[in-house]
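Please build the complex by placing chain Y on the supplied structure of chain L, with the hints as guidance.
Chains as they are written, first to last, in our numbering: chain L, -15 to 96; chain Y, 3 to 117.
It should be emphasised that the hints constitute simulated quantities derived from the structure, not laboratory data. Heads up, some of the hints might be wrong.
Unchecked claim - What follows is a list of derived Cβ distance ranges for each label pair: (1) Ile9(Y) to Pro2(L): 38 to 44 angstroms; (2) Pro2(L) to Gly43(Y): 22 to 28 angstroms; (3) Ser55(Y) to Val36(L): 19 to 25 angstroms; (4) Ser(-9)(L) to Asp69(Y): 39 to 45 angstroms; (5) Pro10(Y) to Ser53(L): 42 to 48 angstroms; (6) Gly18(Y) to Thr1(L): 50 to 56 angstroms; (7) Ser(-9)(L) to Leu21(Y): 34 to 40 angstroms; (8) Thr55(L) to Ser55(Y): 28 to 34 angstroms; (9) Ala81(Y) to Gly0(L): 51 to 57 angstroms; (10) Gly43(Y) to Glu(-2)(L): 23 to 29 angstroms; (11) Thr55(L) to Ser14(Y): 40 to 46 angstroms.
Said to hold, decoys possible - With the C-beta cut set under 10 angstroms, the calculated list includes, among others, these residues of chain Y facing chain L: (12) Val6; (13) Tyr33; (14) Gln40; (15) Gly43; (16) Gly45; (17) Leu46; (18) Leu50; (19) Gln53; (20) Leu64; (21) Ser87; (22) Leu91; (23) Ala93; (24) Leu105; (25) Gly108; (26) Lys109.
Heads up, the beta-carbon is just placed ideally off N, CA and C, and yes, glycines get one too.
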Amino acid sequence: DAGITQSPRHKVTETGTPVTLRCHQTENHRYMYWYRQDPEHGLRLIHYSYGVKDTDKGEVSDGYSVSRSKTEDFLLTLESATSSQTSVYFCAISESDNQPQHFGDGTRLSIL
Amino acid sequence: KQEVTQIPAALSVPEGENLVLNCSFTDSAIYNLQWFRQDPGKGLTSLLLIQSSQREQTSGRLNASLDKSSGRSTLYIAASQPGDSATYLCAARPYSGGGADGLTFGKGTHLIIQP
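Pulled out of the complex, with its shape left as it was, chain Y reads as follows:
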């Protein structure tokens, strides 16, 4: 059974810092890995999707990397802003052939950016 772990569970940093959020998974047979942010009381917003054949994806100040062999993904946030404060979730999609299977989620990193 796939298990996804995110470390740290919470992080507080001053505005302007670059930071890295970590995600690890136990089964390397994944189809892709997706990063989300969730604001309090809201749904999930998709940030980046990395296919199993890719090493990284970038969107604006965000960069996500994937190392299947070591079972790790990182989300790099450059020049953090107070608006980046949220819970960040990573989720792995299993490689089952059909591709319709749901995601296995980590419990998230609660990020606070201090003004």
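This is chain L alone, in the form it adopts within the complex:
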């Protein structure tokens, strides 16, 4: 299995609080991604990174920011969490653009 660790695995928080999710990889892959998975919409891309300090927006980036200061870590931040951001969040990595994406085990986030 690809060496991807997401933390925390579960989190419950209140509306309006800041939340940071961490994705850590041990594969030294260049590309990293954040997705969210919801029953109604399936998996959708939030943000992605194509190198240290190089990031770009995905389909559903509003309300989210990301940072990548090291190759191995990709952080997703909800500046002021809302109930609509309750979801399961997945991190993925890939070595290059013609290689498969590999996913972490996910973070289940509940915002009350």
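Below, chain Y without anything else, positioned relative to chain L:
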């Protein structure tokens, strides 16, 4: 905007049958297409990746095909087993030149193999 559709949404078959899962996409300008399985409460496991220049890929009892011109991909599972029960997702990667763009996913086919 790329849209990916998977039919059927759910499928239940007896053990031992060969089966085909379907995936269609609206924009043929894709870089590659990837098939995954997802077990309940788990992450996604990559099964097969087909590059846009390829027609099919095989791994064990799995065979995935790609027809870009018609916007279709199929995942063939031979001699199905109860352990194959899972949700199967297909995802298309857009051809944007940079290649770093994320995947567009279908909503999956929930497969149950009856012992």
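Worksheet item: Minimum Cβ distance from Leu50(Y) to chain L below 10 angstroms?
Response: holds (8 angstroms)
Worksheet item: In this structure, is the beta-carbon distance linking Ser55(Y) and Val36(L) contained in 19 to 25 angstroms?
Response: 31 angstroms Cβ-Cβ, so the 19 to 25 angstroms window is violated.
Worksheet item: Can Leu46(Y) be said to touch chain L, with a Cβ gap under 10 angstroms?
Response: Holds: closest Cβ of chain L sits about 4 angstroms from Leu46(Y), inside 10 angstroms.
Worksheet item: Is the hint on Gln53(Y) kept, meaning its closest Cβ partner in chain L is under 10 angstroms away?
Response: holds (6 angstroms)
Worksheet item: Within 28 to 34 angstroms or not, the Cβ separation of Thr55(L) and Ser55(Y)?
Response: Since the Cβ atoms of Thr55(L) and Ser55(Y) sit about 29 angstroms apart, the hinted range of 28 to 34 angstroms holds.
Fill in: Interface restraint verdict for Lys109(Y) against chain L (beta-carbon cut-off 10 angstroms)
holds (4 angstroms)
Practice prompt. Look at the Cβ atoms of Ser(-9)(L) and Asp69(Y) and judge whether their distance stays inside 39 to 45 angstroms.
Written response: holds (41 angstroms)
Discussion item. Hint validation: Gly43(Y) versus chain L, beta carbon distance must be below 10 angstroms. Holds or violated?
Written reply: Holds: closest Cβ of chain L sits about 8 angstroms from Gly43(Y), inside 10 angstroms.
Worksheet item: Is the shortest C-beta separation between Tyr33(Y) and chain L less than 10 angstroms?
Response: Hint holds; Tyr33(Y) Cβ to chain L Cβ min 7 angstroms, cut 10 angstroms.
Worksheet entry | Hint validity - Ala93(Y) Cβ closer than 10 angstroms to any chain L Cβ | Hint on Ala93(Y): holds, closest Cβ of chain L at ~8 angstroms, below 10 angstroms.
Worksheet item: Are Ile9(Y) and Pro2(L) spaced within 38 to 44 angstroms by their CB atoms?
Response: holds (41 angstroms)
Fill in: Status of the Gly45(Y) interface restraint (C-beta, 10 angstroms, chain L)
holds (4 angstroms)
In this structure, the hints that do not hold are numbers 3, 20 and 21, in rising order.
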